[in-house]
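Read off the chains here:
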Amino acid sequence: MKAMAPIDPRILDQAADWLMQLHGNAASDTDREACARWRQLSPEHARAWARAEMLMNKLGGLPPLLAMPSLDRPSNPARRAAIGKLALLLAVTPIGFAGWRLIEVQDWTADHRTAVGQRRELALADGTQLHLNTASAVDIRFDAEQRLIYLREGEILIRTAPDTATTYRPLRVQTAQGRLEALGTFFSVRQEAGRSHLAVIEGAVRIEPRDSIASQEIIRAGQQGFFSAHSIAPITAGNETDLAWTEGMLMADNMRLGDFVTELARYRGGFMRCDPAVADIRVSGAFPLSDTDRALTMLVATYPVTATTRLRGYWVTICGITRR
Amino acid sequence: MPDPSFAAQQELHALYASHHSWLRDWLRKKLGNSADAADLAHDTFIRLMVGRDLTAINEPRAYLTRVAKGILINWYQRQALERAYLDALAVLPEQKAPSPEQHHLILETLHEIDTLLDRLPRPVKRAFLLSQIEGMKYDAIATELGVSLITVKRYMKQAFLQCLTLMEVQV
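Order-wise, the sequence lines are chains A and B. So for the first sequence, our numbering puts the first residue at 2; every next one is plus one. So for the second sequence, our numbering puts the first residue at 5; every next one is plus one.
Hints in this document: simulated from the structure, not taken from any laboratory. In this text, a Cβ means the ideal position worked out from N, Cα and C, and glycines have one as well. A hint or two may mislead.
[Stated by the list, open to error] Covered stretches of chain A (chain B as the covering partner; in silico rule of three or more C-beta atoms under 8 Å from a C-beta of chain B):
#1 21-31
#2 57-64
[Claimed, not checked] Which bits of chain B does chain A cover? Going by a derived footprint, with three or more residues having C-beta under 8 Å, they are:
#3 16-28
#4 99-107
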């Protein structure tokens, strides 16, 4: 490795100034062009900017959920001293860590589950058909009183069968926000962060929010709705494209790019982020869920966006084509 | 960096022979564990090898202690970073967790950035992270930190400049 002469601090100062300005609220194409001219002033300017780009690449490749708590940790001398004692603990991290993860992931005991990007169809003991979408987990509890499906995470599609037991047992789906009772039917349930979604294709389903029995409501074929533990949002007409996942497709019909990225991310490990500047672009088309790389390729071929993949696919950023 | 000449190698050997064992003991007392002490003592001599002219060192003990202290601080910082990283990982849903190969890349990058941002005043570092990691806009950061927009800009410039300057040494 040959050491190069240090870059003139005044040029570095100007480079820092450009970086600060280009990340500001009001940075325009004019600013970017001015910066492009600046870095062509001399080879030293170009060198300084190459370093700035290297810095931006490193920063841009860091997933916030991991980077923020790691870098923004409290730092005080007392803690530093305590860390010395932790050295021994850290030396055994690989084993301790594996155990820790198992405890953390609550659904590891689920009766049936799918990995990210996987789909699975099951036939339950009573003949009910259950279709699990990506990253989903259910527990099945059938007893003399009821047929209970506990949706721990993800999304399921259910086609009920007439119960073979001599006494009638209702078929129920439990989510974090409440309970659904099937009234002879074909429907899908999705567990999201802080809310559940129900779409009924045939028959009817009753929603019972966990903390508010009074707000029960029956949803009929062709309807859909969200509910929290306390209330049910206004019911709207169902969207048939919502079930495209059962065919391994994501059907976008004038869908916000931001929503599209959130949806696609469900089928892919790691993180996907959509630059807010392009989140409102409308996307239409059928995209394969089994091959999210291909779905991304299709997206960037059709729309004025680019997909930047970092850390071997762990981190994907969708942003406008004019941005660097 | 000049290639270590024969004389410099002799110098390093001599230095190693007479100072390695007390340095390792000194580090062991600091760390309370001999495996890490041995590693860090080793790192200290590596640093000397790629560093300056060894014949110019007048007080080897003082000099070695100073270099070892720097390495020790860097090591503590790395441990603290990894601990914070594992804490963050523990609360991440399983399907969002990186693969072992990705862990390595992320940790290496985090450590580099962490070193670059070291010793920045707390609000400066925070403004920088909110902008560059969280993607927040300057005016939102100003509100979050309770400072003016112009202050956020000054913080950002300061942090960018420190990174660019320190990268001189890293690259």
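Hints and how they fare:
For the region 21-31 of chain A, the stated coverage by chain B holds: 4 residues have a C-beta nearer than 8 Å to a C-beta of that chain, and at least 3 were required. As drawn, the region 57-64 of chain A meets chain B at 5 residues by the rule of a beta-carbon pair under 8 Å; at three or more, the given contact holds. Check on the region 16-28 of chain B: 0 of its residues sit with their Cβ under 8 Å from a Cβ of chain A, so the three-residue criterion for coverage is violated. Coverage of the region 99-107 of chain B by chain A holds. Counting CB-CB distances below 8 Å, 7 residues qualify, and the rule asks for three or more.
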